[in-house]
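S.K.: Spelled out from the first residue to the last, the chains are:
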Amino acid sequence: MGHQKGLNVYWNAPPREDDVAGQIDFLEKVVAKGYAGIIITPDQTLPLRSPIRRIVSGGLPVVVVGTNLGITPSSKLSYVLNDDAAGGQMAAHRIGKILNGRGSIAILGINPQLTGITMRERSFEDTLEREYPDIRVVARRLGYYSVPQEQQVAEDILNRGEAIDAIVALSHISTRGAFYALVEFDKTRAIKLVGFDQDLMPPIRTGGIDSVVMERTYDMGRVAMELMDGLVHDRAVAGVSVVPPVLMTRENIDTPEIRQQLTARWWATP
Amino acid sequence: MTQWSRPNPALVIGVVASMAIVTIVLSLRWYSSQTSRQPLYHDSFRLEKQDDWQPFGGAWEIVDGAMRNNSDERGAKLMNGNPNWKDYVIEADVQLLGQYGDAGLIIRASNEEEGVDAYDGYYAGLRDLDNTLILGRAGYGWVEYQARHVVPRVYAQKWYHLKVLAYGCNIVATATSSSGEVTIDAIQEPHCVPSGRFGLKSYQTGGLWRNVRVREATQQDLVKVTGDIQIPLADPDPVVGPTGKPRTDWDPARSATDAQDQYLEPLYLDMRDHHVDPEGQPIANLRALAPGKPAHVTIQGVVTLTFPALFVQDSTGGLAIQNFRSATPPQIGDQVEARGDAELHDFSSVLKDAEVHVLWSHAPIHSMSVTASQAATGSFDAQYVEVEGHLEGKEEGPDHTMVLDLAEDNQSFRAIANGTSGAGSFRQLKNKSRLRLRGICVVDSAYTHDLTPFVILLPSLNDVGILEGPPWWSTGHIVVAVIAFLLLILALQTLHNYIERSRLIAVLEERQRLAHEMHDTLAQSFAGIGFQLQAIRDEIEDRSAIDHELDLASRLVRRSHEEAKRSIAALRPELLESAGLLQALEESARTMVAGGAIQVTTFTSGEASNIPVRISDTLFRIGQEALANAVRHAKPTTLMISLIYGEATLQLLVEDNGKGFVVDADSAGFGIRGMRKRADTISAELQIRSTPGHGTFVQAIAPMPAKLMRTLWPATIWHLFWERRFHGQDTDKNSHQATYR
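The listed protein sequences derive, respectively, from chains A and B.
Its first residue numbered 4, the first sequence is counted upward by one per residue in our numbering.
Its first residue numbered 1061, the second sequence is counted upward by one per residue in our numbering.
Don't read these hints as lab results, they were simulated from the structure.
Beta carbons are placed, not taken as given, at the ideal position from N, Cα and C, and that holds for glycine.
Mixed in with the good hints, there may be bad ones.
Stated by the list, open to error - Computed list of lysine-lysine pairs in DSS-like fashion (alpha-carbon distance at most 30 Å, straight line):
no. : chain 1 : residue 1 : chain 2 : residue 2
1   : B       : LYS1625   : B       : LYS1737
2   : A       : LYS32     : A       : LYS79
3   : B       : LYS1223   : B       : LYS1284
4   : B       : LYS1284   : A       : LYS32
5   : B       : LYS1490   : A       : LYS32
6   : A       : LYS32     : B       : LYS1454
7   : B       : LYS1625   : B       : LYS1719
8   : B       : LYS1146   : B       : LYS1109
9   : B       : LYS1223   : B       : LYS1109
10  : A       : LYS36     : B       : LYS1625
11  : A       : LYS36     : B       : LYS1284
12  : A       : LYS8      : A       : LYS32
13  : A       : LYS36     : A       : LYS79
14  : B       : LYS1146   : B       : LYS1223
15  : B       : LYS1737   : B       : LYS1695
Unchecked claim - Just some of the chain B residues that point at chain A, by a computed CB distance under 8 Å:
no. : residue
16  : GLU1173
17  : GLU1174
18  : GLY1175
19  : TYR1200
20  : LEU1419
21  : HIS1422
22  : PRO1424
Claimed, not checked - One side of the interface only, derived from the structure: several residues of chain B facing chain A at Cβ under 7 Å:
no. : residue
23  : ARG1134
24  : VAL1176
25  : ALA1178
26  : GLY1201
27  : ALA1369
28  : TRP1420
Take these sequences, add in the hints, and give me the full structure.
M.R.: Printed below as a string of structure tokens:
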């Protein structure tokens, strides 16, 4: 997309996923190199707020993907967000459907540091309470940046002996951790797992994971590049572009819509 | 007058620049031909030599004859070789240290930076998660072209022989297992990267490399590796990683259990042994142990350093582990459980004879930002910290370590990094730079030698960030700045002289042209008018009535003719150019006194040197004026003209024995003011001394510019300052002398 628009793309990320300081260093380096604009997917919300605000006030166009930093969109700042509220509703409807409107669930991966995760959880619980009042949330757990820790959290819940019919995991790390725990306890059939963000595909085919609310990352990237093209050419663009997620299940995993989001040909024309 | 002929500066600069460009181009071509001809490398890891490896991320060290990356970063690279290398083979024994990652070799790389896939080039590696040999192209992003199953499979902590060949636009990778099975990836890319360096790379796991060899590749090498295989065009579409769409070998007819076994085996591997001992203690609790009584304990934590000792940290503190055993070599970022004998030390505990069990990898490590003063208290002993300081010095330490001496908050401390790689980064660190270091803070005297309160053990030199370079006002920089300033002044002075000389030459040429014009027109006309008047006189018989008018007209014409000739003589500089200053003045004097009884003598002393045009012309005019004044007003019998060449000056003296005059402000007529003005233009000092009845003495002392530049700057600047400061205040009227400048 960038090449089609005549934009040369420099792509990079810190070698450690949790290295927020490294991401800020990259930002400063990109600014110093004189690039025309920045598209960024923040590792965390708050630490990136000041650097992005400073860059935008300096006049450099920025498109923020995936997280609302709380900075008001402007002629130099635009957001591409996953519709986390819609994602929460999708998960709630899926849970309601597979539990037939009755049962007990646990929520893993709650992360107040990421507004998108918080939005998912609130939307999920609101929808559940409103439309499936007989489904109870019996456990809520904070999320971590490490799969083993998430696995341990899930195993602690399974060890409590309390009956749980399903687990909703709000991030790809907590989804993977919960899946490992279910495999470890041999409960992939007994306890349904609804996860967020595409990561483990094979367990969806085998039924180990019931479904995943998937961000349409390919579309988000395309929209981000279109917004950047508009910003660098001083055209008016939407301040916030929301891309709805899609629920990936065993039934639709091989449909063109899903495959397009998962393609490895990220540089190709859709 | 003879002038020193200076070469044209523009011409000199042009010639020098052309020669420099030609030299640089030839050198580059020679270097390119030398370096691109035959890529050749064999590692010296067994000799513990680091060669010229350049790290981009990772924590690299040489262990048992192999290069090891202890970090599980996404895309740590170690680069070597020449960007001009084209067709070559790189091969090495490669081992993955952990699960869920890949390790391999880079070929034809350029534009490397720290970061994920931050280079342009090709990479082939072994990935244990989906048990494949992968081959693809990085260009600040990753395009995976092929991922083939490795037979029997990819195991961590087992050696594989990996070979990557680039010939033309064919990129081929082979992996040979210890049992001899060979897996081949091969692609042909129409718009391939034509040349570049080689490197070692791992992704989300540590790795080991040994026997790294690079040699030139030929067509025969390509055929030998690929055999009858038709090398396919690079097409990323069929490639599926563990997170992509189904692989082409997916068999939907398989049972769910089989499918799970097929795909989830790596996941099971990843999940194994995650159970921990519930009796594990927080590390901070070990500080409550009884002194001198080791206790057998279990702790869990994240590995923060592996060299020179294993350091582990949990949310309560950190500790060092000595003499440990582990089935899997722990890497930085591994969550481990360790059981051993804990000993209480001054500021933290040490675990000895420990069994270390890796629970999982990729645990986040967060450094705590502390000041040097805080670190010096010992409260952060054995913990992963971030501290800032100014670099005071650096040196190579024992066991291939690199040592940095730093200071901050009135505290001095040291940082020690494993020097196996990163010599280039080490050399780039400049004293007085402000650095940010991330590493393990230790206060043990085994590291500090009781010289500093604490030492920072760095996982690698990549953990040193330069916040600010050294201040510009260092002694060396000030000296350079002063020299540059002086050179600039010199250049400006030279340029000014050049422009001034050009302007003067233009003036002289214009004067000469005017003289020629006057000679050819005005003087000739006067001569013609005189001739015509004489003719009139000869032809008229009764001239009594007009004789007086004719005589008057003839005298006027003759006088005007003489004036014109004097003006022409004054304007023409040929004599000055051809005969020199003294002789020109002598000639001028003899012309003035022609037919009279005045005796003209000349005198010169000192070593005659080239006189700049500006000075010789000005002194000539001053001398002419002095001579003219003497001839017109003083009625002398002798005229003495002297020219004295000094070390830094040139003196002109015109002396007569005429009637003299009282030198005061009123006597400074137009002629004297003119001389003074001319003297000022060349910063010359003009003195006129005269006493009634005892002649007049005119002296002009001009500084010589070349010597002024070389040796007399300070004196001249002081002299000028003094002259300006007290200009006009040192006239002593009673002595009948005056100094005019």
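S.K.: All the hints need checking, so say for each whether the structure fits it.
M.R.: Outcome of the hint check:
As the CA atoms of B/LYS1625 and B/LYS1737 are separated by approximately 25 Å, the hinted pair is consistent with the 30 Å bound. Taking the CA atoms of A/LYS32 and A/LYS79, the gap is about 19 Å. The hint holds against a cut of 30 Å. For the hint pairing B/LYS1223 with B/LYS1284, the CA-to-CA distance comes to about 13 Å; that is within 30 Å, so the pair holds. Restraint check for B/LYS1284 and A/LYS32: not satisfied, since their Cα atoms lie roughly 45 Å apart, outside the 30 Å limit.
For a cut-off of 30 Å, the pair hint linking B/LYS1490 to A/LYS32 stands: about 21 Å separates their Cα positions. A distance of roughly 27 Å separates the Cα atoms of A/LYS32 and B/LYS1454; the hinted pair therefore holds under the 30 Å criterion. Restraint check for B/LYS1625 and B/LYS1719: the C-alpha separation of about 28 Å stays at or below 30 Å, so the hint holds. With a CA separation close to 26 Å, the supplied pair B/LYS1146 and B/LYS1109 stays within the 30 Å bound.
This hinted pair checks out: B/LYS1223 and B/LYS1109 have alpha carbons roughly 23 Å apart, not beyond 30 Å. Simply put, A/LYS36 and B/LYS1625 have alpha-carbon atoms about 73 Å apart, too far for the 30 Å limit, and the pair is violated. With a C-alpha separation of about 45 Å, the suggested pair A/LYS36 and B/LYS1284 falls outside the 30 Å cut-off, and the hint is violated. A threshold of 30 Å between alpha carbons decides the hint, and for A/LYS8 with A/LYS32 the separation of about 24 Å falls inside it, so the pair holds.
Proximity of A/LYS36 to A/LYS79 is assessed by CA-CA distance (about 18 Å); at most 30 Å being required, the pair is judged to hold. Restraint check: the Cα-Cα separation between B/LYS1146 and B/LYS1223 comes to about 16 Å, which is no more than 30 Å; the hinted pair holds. The hinted pair formed by B/LYS1737 and B/LYS1695 meets the criterion: a straight-line CA distance of about 26 Å does not exceed 30 Å. For the restraint placing B/GLU1173 at the interface with chain A, the shortest Cβ-Cβ distance is roughly 7 Å, inside the 8 Å limit, so the hint holds.
Hint status for B/GLU1174: holds, given a least beta-carbon distance of 7 Å to chain A, under 8 Å. The beta carbon of B/GLY1175 comes within 4 Å of a beta carbon in chain A, closer than 8 Å, and the hint placing it at the interface holds. Because the closest C-beta pair between B/TYR1200 and chain A is about 4 Å apart, less than 8 Å, the hint holds. Below 8 Å, beta-carbon pairs count as interface contacts, and B/LEU1419 has one with chain A at about 6 Å; its hint therefore holds.
Residue-level restraint check for B/HIS1422 holds (minimum Cβ-Cβ distance to chain A is 6 Å; threshold 8 Å). With its C-beta approaching chain A no nearer than about 4 Å, B/PRO1424 sits inside the 8 Å limit, and its interface hint holds. A distance limit of 7 Å between C-beta atoms decides the matter here; for B/ARG1134 the minimum to chain A is near 5 Å, and the interface restraint holds. Taking 7 Å as the C-beta cut-off, the interface hint given for B/VAL1176 holds, the closest approach to chain A being about 5 Å.
For the restraint placing B/ALA1178 at the interface with chain A, the shortest Cβ-Cβ distance is roughly 5 Å, inside the 7 Å limit, so the hint holds. Satisfaction of the interface hint for B/GLY1201 is found here, the shortest Cβ-Cβ separation to chain A being roughly 5 Å, below the 7 Å cut-off. With a cut of 7 Å, the hint placing B/ALA1369 at the interface with chain A is violated, because the nearest CB-to-CB distance is about 22 Å. With its C-beta approaching chain A no nearer than about 4 Å, B/TRP1420 sits inside the 7 Å limit, and its interface hint holds.
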